[in-house]
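Engineer: My request is simple: use the sequences and hints to build the entire structure.
4 protein chains.
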Amino acid sequence: MQTKEVHYSDYLQLDKILDAQTPESDLNGHPAHDEMLFIIIHQAYELWFKQILFEIDSVAAIMSQKVINDNSPDLQTIVHRLERIGVILKVAVHQIDIMETMTPMDFLDFRDFLRPASGFQSWQFKIAEAKLGLQFPERHGQEYYISQLRREHVDMIKSVEQQPSLLDLVDQWLGRMPFFEQPEHWKNYRALYPETPGKHPFWSDYSVIYANSLVEGEKANLAHFERLFFEKERSPERRLSAAACRSALFIMLYRGYPMLQLPFRLLNSLLEIDEQLSTWRYRHMSMVTRMIGLRTGTGGSSGRDYLKGALDKHYIFREIAALSSYLIERRRLPVLNREVEAQLGF
Amino acid sequence: MQTKEVHYSDYLQLDKILDAQTPESDLNGHPAHDEMLFIIIHQAYELWFKQILFEIDSVAAIMSQKVINDNSPDLQTIVHRLERIGVILKVAVHQIDIMETMTPMDFLDFRDFLRPASGFQSWQFKIAEAKLGLQFPERHGQEYYISQLRREHVDMIKSVEQQPSLLDLVDQWLGRMPFFEQPEHWKNYRALYPETPGKHPFWSDYSVIYANSLVEGEKANLAHFERLFFEKERSPERRLSAAACRSALFIMLYRGYPMLQLPFRLLNSLLEIDEQLSTWRYRHMSMVTRMIGLRTGTGGSSGRDYLKGALDKHYIFREIAALSSYLIERRRLPVLNREVEAQLGF
Amino acid sequence: MQTKEVHYSDYLQLDKILDAQTPESDLNGHPAHDEMLFIIIHQAYELWFKQILFEIDSVAAIMSQKVINDNSPDLQTIVHRLERIGVILKVAVHQIDIMETMTPMDFLDFRDFLRPASGFQSWQFKIAEAKLGLQFPERHGQEYYISQLRREHVDMIKSVEQQPSLLDLVDQWLGRMPFFEQPEHWKNYRALYPETPGKHPFWSDYSVIYANSLVEGEKANLAHFERLFFEKERSPERRLSAAACRSALFIMLYRGYPMLQLPFRLLNSLLEIDEQLSTWRYRHMSMVTRMIGLRTGTGGSSGRDYLKGALDKHYIFREIAALSSYLIERRRLPVLNREVEAQLGF
Amino acid sequence: MQTKEVHYSDYLQLDKILDAQTPESDLNGHPAHDEMLFIIIHQAYELWFKQILFEIDSVAAIMSQKVINDNSPDLQTIVHRLERIGVILKVAVHQIDIMETMTPMDFLDFRDFLRPASGFQSWQFKIAEAKLGLQFPERHGQEYYISQLRREHVDMIKSVEQQPSLLDLVDQWLGRMPFFEQPEHWKNYRALYPETPGKHPFWSDYSVIYANSLVEGEKANLAHFERLFFEKERSPERRLSAAACRSALFIMLYRGYPMLQLPFRLLNSLLEIDEQLSTWRYRHMSMVTRMIGLRTGTGGSSGRDYLKGALDKHYIFREIAALSSYLIERRRLPVLNREVEAQLGF
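Same order as they appear, the protein sequences are chains C, P, E and G.
Under my numbering, the first residue of the first sequence is numbered 1040, with each subsequent residue one higher.
Under my numbering, the first residue of the second sequence is numbered 1040, with each subsequent residue one higher.
Under my numbering, the first residue of the third sequence is numbered 1040, with each subsequent residue one higher.
Under my numbering, the first residue of the fourth sequence is numbered 1040, with each subsequent residue one higher.
I should point out that these hints are in silico values taken from the structure, not numbers from a laboratory.
Mixed in with the good hints there might be a few duds.
Pairs involving identical chains hold if they fit within one copy or between any two copies, as the list cannot separate such chains.
As the list claims (entries may be wrong) - With a cut-off of at most 20 Å between alpha-carbon atoms, the simulated EDC-like pairs for lysine to aspartate or glutamate come out as follows:
#1 Lys1271 with Glu1220
#2 Lys1043 with Asp1151
#3 Lys1258 with Asp1151
#4 Lys1055 with Glu1191
#5 Lys1258 with Glu1270
#6 Lys1129 with Glu1139
Structural biologist: Set out below in structure tokens:
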């Protein structure tokens, strides 16, 4: 145990934290009461972004191992931390309620003093997006966004984009899953339908059941299904391999088996992160609209339009979310043979 | 005081409320556990929609009076009830968290039994939108939405659309405001700039100040400003008259005066309703995407696309929201003369 | 698939749900606007209580099996549904925000018409408490609470109290856990300290480590520790056996192992339910205080005092919560031998 | 407008904010992942406490004026800022969800390194309580709490306690209200009951109506009523004078009148602050219980017991909350005469 005594104020370095608010409106001789709120809420956001980055890094470190040992706490730790990111983002969304206690007129009182600073300059947020898996070509308004950032921050983000992102690590982890690779476990699997050449008997059956489940107006999905799960070479626009998609779908379908529990929660936590990020962007956009209407943002952006553009494009785990289109009802699922079941249980 | 004794169960008619859940999956011989949740959450939503309609009706009744007496509790009552609708909608948004405890596989277990029922058939919600001010031509996917509803419900909605909506009543109330109509109060107003013909001296000044406030890239807003606040005849697409817009802007600018307090909160509560409705639609859309992916909704809609279409179009009070583009900084506001100030105080 | 077409309104039985609101103030000729809200919010609560009962029953049915097969989806299903109850309770807590839009004066307008009805007459809530594990002698204000309920509801609750509660089922499930019963798995366990007679070598070690971890002022905890985990006969006031407590503590300590993941989440979901129930009671009490002050409740209770009394007494899973006092740091944990580890992994 | 360009990172002083996290577990050579979360959440709390202090100070400055001009934006500003504090506290409560993603075992990993630091050493929170109106003799565990703080912080708190608190300022503001002081406005008031000597005719009537409203078991309230509203000299334990209580009750009763709108919301915002503070303390206590059970807190306190003790005692505006016991139904209210009504309207 340590010998030195720890004091709350020193431990939290409150001298720094509480001495970091200098309203521009004061410096400019037109003190505007609400600028303090504006500063503090953004600082609170940046603290949470730091925490989110810390969690992403720790998760990526574990997932970068060659093998994630199913008998270690690794998977549980990963899931726990990804779920925590979801909880933090929920509070971040809620925090917008505080910002909304500032009315447009109150914002106007100091808005001009901030130019050209802008929330787009939050490099921590951009790095978090990049570490999760957002890539430069997918970003909305690429040039604008680059122009806003300092050289050093652009470099940091670009360097992050060169590393494997969480999405890449998830793709690799899913692609490595050995369910279908071990023919000995499947030899007693009872195929329901004639085998399709080139497909594992399980997926051969699944394809037929899925095709039968499509109602009028959904028939076109079949082609997507074939491409998504069985294309030989990965299409350039895809972030998940066909093998990874098959693993992910299998996890969703048979999540009741103990061994698939944590993998299922891992996938779910990624969707939760995307959903909370997206809710955050949406509420942020609504708030900005309410605040500045059609006016130009302090950083010179067209405000609402930029945010709106990012809404649809910035879903990072959309290929995982899309898989729910290809599920079938539990009661039509192929029954697994005992050897496979044994692999999925304790 | 009443003589009959009241009992909780009778008072709440729990025999009806708690006996209104009959899962289709049971009737079809494939009981699916999560269908109970699906029924109950929709019933909870419908209860809240009933309450929201009840509040809208009561507010509309007060606002339909020829004059809203500033010395009566009328305005306070209106604001209180509109703010309550906002609080209800926040809980409605939160309630989606409960729905999200149902996974896509759990939904699939009973989804097919529900066809062609669909959430689009919630006539209470459609009526609420209509009472607030959404009109048929503004609705996304008009034919589809009509095709989903029963004749009787379509008739109800159409009949509501014929009545003055809350938005219409707000337009009339704003249009009636007497701030600028009484020349005697303004005779000591000190104009800052040469008068613009056809404009009240206050607005003549305001136009110049506003024009000066525009930064590079915003100059085009000036034409919008002129049209919005000073057009002689109402453009057919507008829901608020120029006079109503002037009143609303004046309220936002001078909300510090006691008499403008409640009017300001009234406008704000409308924006809050729109924002919560919009958040609800957005999270609903995200949830549906997560649940059924690209598949067809139980009512045959293209699911996500429909909901996405409605997102942008269904802002009911958007003309009020847009006014924040035309605010100017408090320290540049024209100073009101004493006679006008007296009108705005006690 | 079903042949009959399903319609939203019929499916949800909206004719019943939306026709179940009859304000007493209307019947008494003094219509009070806010009574509608009062009715609807209580009905929404009762819907959610029905759902909670439905989930508890389904969980209890699974847990009542002689053996919960670790290779079946049973445990995952139990955890999923208990966590859902937690999510529902969070919304129930949030719903109090809606109630708080009713001011004391608005409530007074119809309060007297409701006597002697009272929220204490919600038999669904009382049954939920009983099914979770609350027993009559632990209830605050027993006679009062009985006097409020109808004979039939008292009988229902009493009959529930005769059945094994969720707490009892958890006790049995924990008590059945075989970790320490199989001497062959532990034969290579390396004891750190001399064995204590009558204790398994693991617990013998643990007792010493725990004793060493106590700081000044905590020494008295040691006697509690011994009694809680090692008493031979169950003290009459205890709801968990010593063996169950040992299993629960082991689960908390070694939750990183795959096999203990779901058991850990199960325990956690029970604490979450207790915490949300308790938050609900607390916010409910605060709201009642704000609403009626020191006055007598409509059912004749002393309002706030009753609710306050229930706060502390009604923690159902408190014996599980209390176990966190007896944890030790991860880095001081006894290292498990390979044979035991193998039992806890896939 | 400023000439210097502002950049987001400089403006928010992110170099300080993001460089203020140094986990003790790292320094001690046993890095514990969750300590980062522990630091950051407390820093986020401290940022919000700073904001709350900033708002309280600004409100107190306005309320310290000899007269609050009803025709100025003063009252609106006060209410707006107090309501903002309520919104901030709601997010602070929600933030506990994040803390709860840390399990007891994760906390144990670094808990011992923090001794004797403790959340009780948050002097900002203690100062906020003092500025709102909590006084030393009302604090739970006075000596303990003093012993935890640094000399300089104790001095700061003591010095704040010497200043008029928000509660004192509210008492003075309520006591100054002129409703009943101007006999000329009341001369046409029609008394319903024979006058009580020493009471204003309005209060004379009100006393009779209130007495009649009491049901069996509430009769004892009458003595409280007389003392609370009509005692000649202020009892030493009271924070509000009888005159202030009469004003506050009058505001609650007749809040429909425009002039009482903002005063009513002001009183309500104080109760909301108390309720959120109390919810925060309650959830904090629940979390600590879940985290450390019966063990001693890092600062040496008995953890849960301290927090529990503070729960009941630290209601700052309880004398205002208690007034709702003395309301009567709207339809039994004395009708005000025209001259008084004119004072309460525009």
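Engineer: Each hint should be assessed against the structure and marked as holding or not.
Structural biologist: Right, here's what the structure says about each hint:
no. : hint                 : in the structure
1   : Lys1271 with Glu1220 : within (16 Å within a copy, 52 Å between copies)
2   : Lys1043 with Asp1151 : between (48 Å within a copy, 12 Å between copies)
3   : Lys1258 with Asp1151 : between (55 Å within a copy, 16 Å between copies)
4   : Lys1055 with Glu1191 : between (24 Å within a copy, 18 Å between copies)
5   : Lys1258 with Glu1270 : within (19 Å within a copy, 52 Å between copies)
6   : Lys1129 with Glu1139 : both (16 Å within a copy, 14 Å between copies)
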